[in-house]
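Student: Sequence:
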Amino acid sequence: MSILLWEKGAPLAEGSNPAEGPSITPYLVDRGQPNSCIIVCPGGGYNHLAEPKEGETIANWLNEIGLSAVVLHYRVAPYRHPCPFMDAQRTIRLLRARAEEWNLDPNRIGILGFSAGGHLAATAGTRYDFGDPQAEDPIERESSRPDLMVLCYAGISMIEFPHNKHLLGEDAAEGLRLELSNEKHVTPETPPAFLWMTANDEKVPVKHNLLFAAALDEQKVPFEMHLFESGKHGLGLAKEHPSIKPWTELCEAWLKKRGF
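Numbered per the working numbering, the sequence shown spans residues 1 to 260.
I should point out that these hints are in silico values taken from the structure, not numbers from a laboratory.
Treat the hints with care, since some could be wrong.
Claimed, not checked - With a straight-line cut-off of 27 Å between C-alpha atoms, the simulated BS3-like cross-links for lysine-lysine are:
no., residue 1, residue 2
1, Lys239, Lys220
2, Lys203, Lys245
3, Lys245, Lys256
4, Lys239, Lys257
5, Lys53, Lys184
6, Lys207, Lys220
7, Lys220, Lys184
8, Lys53, Lys245
Please construct the entire structure, taking both the sequences and the accompanying hints into account.
Tutor: Structure, rendered in structure tokens:
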């Protein structure tokens, strides 16, 4: 069952049918007490969503290790920035607003993304706000800061490697590319991060993750990074790749360490 992020239509929406707007699909686990929840952002180059491989399949894995999850169906091309970012922020706020109803811990809301979805997750984790207490919509009063990030072969930079015309357009100004280069926006308050990718990823240069890790280190933000020697882009759970599939166990251990 999908739930619209904005019942009356999303901001900057095109067309007249609100039912076609951005949405989430919940995969909730009943543990008898408020549970952690991870927002799953599939990849797809901001051109499409790589589902179910980087959506439902990942939510099911999170359920297996005891965590609730929601898959975010964010807007992609022809939509551009800031639409996907607005969708991610709205999802974080919505989970906090519905925390009691869905038996979630509002202080344990994480975000996980693959490739472009990883870029979106990193954007949410580096450019958040704490809500507008005067907003008429109670959802907008909630914080959009995720409590942690899991970044899987994530695109990070639009300055060092401007690579996504679907998000910014063909001739994006340098100021806009800087705004969407997440390594430039890490602060001591940035949430902890788990990163993994392969060194020979053919679509996302490994330097993306190295830049982000360096920025996290400089700001003393806790992080864990795993760089595997080889493997193609878009592996998802990587079950058929013996040297890479341990990423899920490593991530599970890290999530437990972070109190999730």
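Student: Each hint: holds or not?
Tutor: Okay, the hints, checked on the actual structure:
1. Lys239 / Lys220: 33 Å, violated
2. Lys203 / Lys245: Given pair lysine 203, lysine 245 holds - Cα atoms ~19 Å apart, limit 27 Å.
3. Lys245 / Lys256: 18 Å, holds
4. Lys239 / Lys257: OK: lysine 239 and lysine 257 at ~24 Å, within 27 Å.
5. Lys53 / Lys184: 30 Å, violated
6. Lys207 / Lys220: It holds: about 20 Å lies between the C-alpha atoms, which stays within 27 Å.
7. Lys220 / Lys184: Holds. Lysine 220 to lysine 184 sits at ~15 Å (cutoff 27 Å).
8. Lys53 / Lys245: 14 Å, holds
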